[in-house]
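Chains as they are written, first to last, in this note's numbering: chain A, 671 to 913; chain B, 671 to 913.
In short, the hints are calculated from the structure, not lab data. Bear in mind the structure is a predicted one, so any value in this text is a computation, not a measurement. One or more hints might be untrue.
For chains that are exact copies, the list does not tell them apart, and a pair is met inside one copy or across any two.
As the list claims (entries may be wrong) - Taking lysine-lysine pairs in the DSS-like style, the calculated list, with each CA pair at most 27 Å apart, reads:
#1 K770 - K703
#2 K832 - K853
#3 K905 - K770
#4 K832 - K876
#5 K770 - K844
#6 K905 - K703
#7 K770 - K832
#8 K832 - K844
#9 K770 - K853
Number of protein chains: 2
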Amino acid sequence: MRPQFVLFGDSITELSFKSGGWGASLTDTYSRKADILVRGYDGYTSRWALFLLHHIFPLTSSTPPVATTVFFGANDAALTGRYSERQHVPLDEYKENLRKIVRHLKECSPTMLIVLITPPPIDEEWQQQYAASPHGEKAMKLPERTNEVTGIYANGCVEVAKEFGVSSVNLWSKMQEIQGWQKKFLSDGLHLTPEGNRVVYEEVVKVLSGAWLSAPEMPADFPHHLEIDPENPAKVFQERCLL
Amino acid sequence: MRPQFVLFGDSITELSFKSGGWGASLTDTYSRKADILVRGYDGYTSRWALFLLHHIFPLTSSTPPVATTVFFGANDAALTGRYSERQHVPLDEYKENLRKIVRHLKECSPTMLIVLITPPPIDEEWQQQYAASPHGEKAMKLPERTNEVTGIYANGCVEVAKEFGVSSVNLWSKMQEIQGWQKKFLSDGLHLTPEGNRVVYEEVVKVLSGAWLSAPEMPADFPHHLEIDPENPAKVFQERCLL
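Construct the entire structure; sequences and hints are all you get.
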């Protein structure tokens with residue numbers, strides 16, 4: 671049984687197997703070492719994620735994931751009084767929901783590597799243009815999300831990770847270190863370009879590698895083809911595949 | 671428990687989660703509907719694949735995959751008397767190995783959708799340039815593989831699929847329908863460009879959709895976020911998540 675990593679989150683997770691996506695890159699990096707399962711739910715908030723917890727991470731599982739990324743907050747940080755108001759989750763509740771998720775995952779497996787990822791920054795200019803496209807003239811003149819408010823949620827996420835001593839990736843800060851992050855990393859002011867996906871991939875690999883899940887150090891499931899003796903191929907499989 | 675598709679094959683399967691890869695595209699298409707597991711083994715032939723069968727597809731599994739792609743032959747068709755001779759598997763044995771794989775998968779699950787994929791065509795000119803790069807002046811002047819021989823293996827693969835009444839994708843023929851296939855679909859005369867990956871993806875989706883595994887018709891695992899009543903989010907989860 672190969673170790674499993676679960677990517678649990680909203681659309682930024684759901685879209686992570688598109689060309690250049692961070693989920694696909696992780697799968698490639700951990701090829702022959704771990705299975706990457708995507709559990710991304712477009713539009714979901716941390717509040718709605720709670721309804722999925724027992725289904726995706728049953729406490730009775732004999733083979734829980736060895737690592738899980740938890741990537742919510744981009745929708746929670748939607749502002750009240752705008753089109754996306756139905757997704758808004760107050761900051762305190764967002765933090766409490768993350769605590770519930772972390773507690774559940776720890777109950778599921780005390781050794782699971784848990785990685786909380788903050789929402790990415792917001793490019794308000796693009797967010798507004800994007801809102802104008804489906805809603806036309808009726809579009810509100812105000813953005814659905816602001817970078818400042820999303821930053822407060824990002825800090826909340828990092829605080830929860832610290833409370834529990836689990837890992838976190840502060841994507842909101844990390845991305846803003848690079849000049850031109852607005853267009854370089856964001857495709858519509860919120861979702862990620864391939865370069866933005868690359869940042870998530872690199873940061874997640876850094877956390878996994880810094881723990882006990884460095885891909886080069888993990889054993890491959892079966893012998894490399896050059897280890898196979900063409901005259902006696904059974905030998906290396908008998909020696910190595912004792913599963 | 672979500673249905674699983676397994677991609678079983680050689681390097682063309684192992685590399686299928688690189689940017690634009692066919693495995694990643696399948697994962698994206700079947701997001702929230704099926705899990706795609708990659709079991710690709712660089713350099714492997716159908717002969718060596720037999721050693722993995724019972725490990726990857728244990729007969730005792732209570733949840734066998736609902737679909738499996740079997741994608742060997744590119745290495746089997748390596749010519750004798752060249753650098754890659756150790757990978758050469760005679761045609762008759764290749765066909766017999768495919769039969770053993772299909773029989774095993776059917777024993778694993780009589781309802782499993784099995785898709786045999788033929789090796790892609792070979793661009794001999796690029797294969798030779800590629801061989802020259804690691805071996806320098808010592809490189810043989812003759813190609814490791816020829817398109818003609820690989821075509822014979824591709825036919826063998828299609829014949830085995832017909833014998834068992836399982837699906838097949840004749841990649842060798844399909845790709846050569848397009849002018850300029852040599853550079854358009856192949857990156858080194860053998861492995862696939864993103865466009866080549868696209869052909870595999872489209873052909874596999876065609877087979878899956880033509881059977882009972884059309885992504886748009888398969889149920890999503892959880893409600894779409896617009897189905898959630900923000901005032902009473904529990905309702906739709908109670909109604910729908912009866913797992």
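These are the hints, each one checked on the structure:
1. K770 - K703: between (30 Å within a copy, 26 Å between copies)
2. K832 - K853: neither (31 Å within a copy, 51 Å between copies)
3. K905 - K770: For K905 and K770, the Cα distance is within 27 Å only across copies (20 Å; inside one copy 49 Å).
4. K832 - K876: within (17 Å within a copy, 48 Å between copies)
5. K770 - K844: within (26 Å within a copy, 51 Å between copies)
6. K905 - K703: within (22 Å within a copy, 40 Å between copies)
7. K770 - K832: Classified as within; 14 Å inside a copy, 53 Å across copies.
8. K832 - K844: Answer is within: at 17 Å inside a copy they meet the 27 Å cutoff, but 54 Å across does not.
9. K770 - K853: neither (34 Å within a copy, 52 Å between copies)
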